[in-house]
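Listed in order, the protein sequences are those of chains A and B. The numbering used here puts the first residue of the first sequence at 146, with every later residue one more than the last. The numbering used here puts the first residue of the second sequence at 146, with every later residue one more than the last.
There could be a bad hint or two in this list.
Here are the computed distance ranges between Cβ atoms for each label pair [to be verified]: (1) E433(A) x T240(B): 33 to 41 Å; (2) D202(A) x A156(B): 40 to 48 Å; (3) E438(B) x Q241(A): 37 to 45 Å; (4) P424(B) x E438(A): 53 to 61 Å; (5) G460(B) x L169(A): 38 to 46 Å; (6) R379(A) x E438(B): 32 to 40 Å.
Below 27 Å or equal to it, Euclidean Cα-Cα: the simulated BS3-like pairs (lysine-lysine) are [what the hints assert, rightly or not]: (7) K182(A) x K353(B); (8) K353(A) x K323(A); (9) K342(B) x K330(B); (10) K245(A) x K153(B); (11) K353(A) x K330(B); (12) K330(B) x K182(A).
Listed next, the stretches of chain B that the computed footprint assigns to chain A, with coverage defined by at least 3 CB atoms under 8 Å from CB atoms of chain A [claimed, not checked]: (13) 197 to 205; (14) 265 to 279; (15) 364 to 372; (16) 402 to 416.
Note that these hints are calculated values from the structure, not bench results. As the structure is a prediction and not an experimental result, all values here were calculated from the model. For every residue, glycine included, the Cβ atom is placed at its ideal position computed from N, Cα and C.
There are 2 protein chains.
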Amino acid sequence: MGKFSERKVIAEIAGRQRTGAADLIKGIGDDCAVIRKSPGCVELWTTDTLVEGVHFDLSWHAPELLGRKAVNVNFSDIGAMGGKPRFILLSLGLTQAVEKAWLDAFMQGFLTVLEQYDVILTGGDTVSSGERIMISVTVCGEMDERHVCFRSQAQPDDRIWVTGTLGDAAGGLMLCQKGMFPAEKYNRLCQAHLDPKPPVALGSKLAKSGLIHAMMDLSDGLATDLAHICKASRVGAEIAGQDVPLSGELQSAARSLHFDPLKLALEGGEDYQLVFTAPPQNSQMLVELCSRENIEIICLGRIIDGDGVVLCRNGQRREIGFCGYEHTF
Amino acid sequence: MGKFSERKVIAEIAGRQRTGAADLIKGIGDDCAVIRKSPGCVELWTTDTLVEGVHFDLSWHAPELLGRKAVNVNFSDIGAMGGKPRFILLSLGLTQAVEKAWLDAFMQGFLTVLEQYDVILTGGDTVSSGERIMISVTVCGEMDERHVCFRSQAQPDDRIWVTGTLGDAAGGLMLCQKGMFPAEKYNRLCQAHLDPKPPVALGSKLAKSGLIHAMMDLSDGLATDLAHICKASRVGAEIAGQDVPLSGELQSAARSLHFDPLKLALEGGEDYQLVFTAPPQNSQMLVELCSRENIEIICLGRIIDGDGVVLCRNGQRREIGFCGYEHTF
């Protein structure tokens with residue numbers, strides 16, 4: 146058969162699924178499912194799976210960092226709704242090649258992040274998984290119902306913000322794949338891939354502030370993730386190419402290795418930064434709020450009437466929606 | 146390194162994990178985690194992963210039945226605490242070999258069981274998983290806090306009950322592996338492996354009845370699962386070999402294929418029946434309660450002071466605790 150894509154699979158499953166339950170506020174189609182827990186309080190649910198050779202490579206991914214990443218990519222989804230992670234489940238598929246020391250280090254990393262966030266491992270499953278290690282994590286978060294930030298709340302004239310430089314993780318992955326790790330010069334890029342640190346607490350503060358409209362985390366690249374916001378909010382987006390934040394390291398690596406850093410920033414994926422939209426009159430307050438958390442946010446575009454994501458660069462306009470990373474089968 | 150077992154991995158992880166949170170009633174160590182949702186009401190969480198070539202074989206497992214099984218093995222854990230499943234998350238690892246028709250049939254089976262139990266798919270993840278299909282399911286259930294049945298509540302002199310014949314699924318798997326499927330004569334055995342139907346509603350009724358002490362589901366074989374109850378309850382168990390319920394089909398297959406049906410019944414795993422303990426004076430009421438649900442329960446032993454699981458057979462006593470199926474790595 147022809148290949149079919151992750152997005153089509155999910156859309157089809159969502160379409161065949163009934164959605165009615167009094168306490169289900171949001172099912173498939175956002176960073177997390179949102180379920181009413183008690184009056185005024187909701188639970189957030191998310192799950193993410195990492196597969197050896199697809200999402201990580203043991204030849205450069207230290208087990209402790211992999212354990213940290215397996216947690217952080219899920220916490221990123223909780224933070225992107227504005228919530229706080231509370232409980233976690235771990236399904237671990239191990240291979241015959243796994244050594245006790247590897248597993249200890251993996252769990253050390255995993256549990257360190259739980260401690261940092263005061264989150265409890267409540268259960269899981271351990272199985273043999275054949276040739277590839279498989280890590281499937283489910284997280285339950287919690288928050289005030291009034292503050293939940295959905296993808297669907299972007300409005301025309303909103304400014305589009307991100308919480309850090311983009312493309313670093315994709316650049317780091319490229320360096321690892323080229324055998325250039327460890328590379329002191331490009332350490333920031335490799336670390337962005339190996340040990341992402343999503344701004345979970347900031348997500349919660351932004352949601353509570355009432356200053357923003359839509360929010361989500363950047364996991365598949367800005368081009369794709371912003372397209373999700375646009376589709377869910379029935380709006381379009383314009384990105385100013387020169388405003389996309391690129392780190393010095395990414396630009397330096399791009400010059401040495403002859404790649405386009407902007408392409409990586411837009412399509413690379415795994416940034417685990419937040420992208421959010423907010424009315425222009427809130428810009429100054431947002432910059433100040435984030436600055437108090439030592440995070441510099443960057444405005445790189447605006448929401449418009451219409452649909453799709455347009456990149457404006459050197460006087461040209463190009464549709465880039467859904468150009469990011471996607472699994473195909 | 147030497148092999149290390151699933152049980153050791155879980156015990157070690159549980160030991161390194163802090164457990165304190167006001168609303169966490171039970172973490173690692175039962176069929177489900179139990180978290181207080183609102184006054185008097187708890188949530189139950191469980192997760193189970195199936196890996197191609199480890200837990201299922203596509204050459205005899207039809208996709209629709211596999212989809213059903215991926216749900217049912219998780220619902221079994223919810224029922225074993227006495228709860229009702231409410232929400233489900235699906236992480237699906239697909240290979241290049243997966244056809245659209247296969248995926249459609251798998252999802253058809255998956256969603257059919259959700260409909261039967263009025264459960265909603267709230268999210269998930271779809272990834273490439275290399276050589277093997279990987280299905281990781283997380284379920285959230287709900288119930289009255291007063292009625293939760295833990296493994297740790299067995300008491301000396303309790304009778305030990307199961308909700309159906311044992312070893313059928315293990316027998317069915319053996320037949321499939323020997324290329325004897327489809328085998329009309331042994332259809333019951335193959336179906337027990339391919340399409341288990343755990344008594345989830347009965348679990349809930351038993352819990353509400355107040356007639357029972359400990360309960361869990363039989364997934365790793367009676368010898369292992371009962372040993373979990375004994376360890377958690379700090380008691381021992383005696384099983385009467387002649388009272389272990391064996392189906393006519395299993396006994397017939399055992400005669401033809403020269404295996405010991407009792408061994409399969411004790412160690413085979415994947416029965417997805419319930420095992421529970423109850424004071425002897427409740428026996429008649431329990432038989433009647435289950436009979437009203439058209440389920441014949443069988444008493445096959447009793448809880449004693451001490452520890453371990455002893456099989457009494459032909460005048461001999463043999464320790465069989467933790468002899469069931471276990472993943473090793």
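Hint check:
For E433(A) and T240(B), the Cβ-Cβ distance of about 50 Å falls outside the hinted range of 33 to 41 Å, so the restraint is violated. One distance hint, 40 to 48 Å for the beta-carbon pair D202(A) and A156(B), is violated here, with the actual separation near 30 Å. Remark: the range hint 37 to 45 Å for E438(B) to Q241(A) is upheld by a beta-carbon distance near 44 Å. Look at P424(B) against E438(A): about 58 Å separates their beta carbons, and that is inside 53 to 61 Å.
Remark: the range hint 38 to 46 Å for G460(B) to L169(A) is contradicted by a beta-carbon distance near 58 Å. A hinted range of 32 to 40 Å for the beta carbons of R379(A) and E438(B) is inconsistent with their spacing of about 49 Å. A threshold of 27 Å between alpha carbons decides the hint, and for K182(A) with K353(B) the separation of about 23 Å falls inside it, so the pair holds. Annotation: proposed proximity of K353(A) to K323(A) is violated, straight-line Cα distance about 42 Å (limit 27 Å).
Of the supplied pair hints, the one linking K342(B) and K330(B) holds, its CA atoms being roughly 20 Å apart against a limit of 27 Å. At most 27 Å may separate the alpha-carbon atoms for a hinted pair to count; K245(A) and K153(B) meet this at roughly 11 Å. Between the alpha carbons of K353(A) and K330(B) the distance comes to roughly 64 Å, so the proposed pair goes past 27 Å and is violated. Taking the CA atoms of K330(B) and K182(A), the gap is near 49 Å; set against the 27 Å cutoff, the hint is violated.
Proximity of the segment 197 to 205 of chain B to chain A, defined as three or more residues with a beta carbon under 8 Å from a beta carbon of that chain, is established by the 4 residues found. Check result for the segment 265 to 279 of chain B against chain A: holds, 14 residues qualifying (beta carbon to beta carbon below 8 Å, three or more required). Counting residues of the segment 364 to 372 of chain B whose beta carbon lies closer than 8 Å to any beta carbon of chain A gives 0, which falls short of the minimum of three for the stated coverage. With 0 residues having a Cβ less than 8 Å from any Cβ of chain A, the segment 402 to 416 of chain B misses the three-residue criterion, and the hint is violated.
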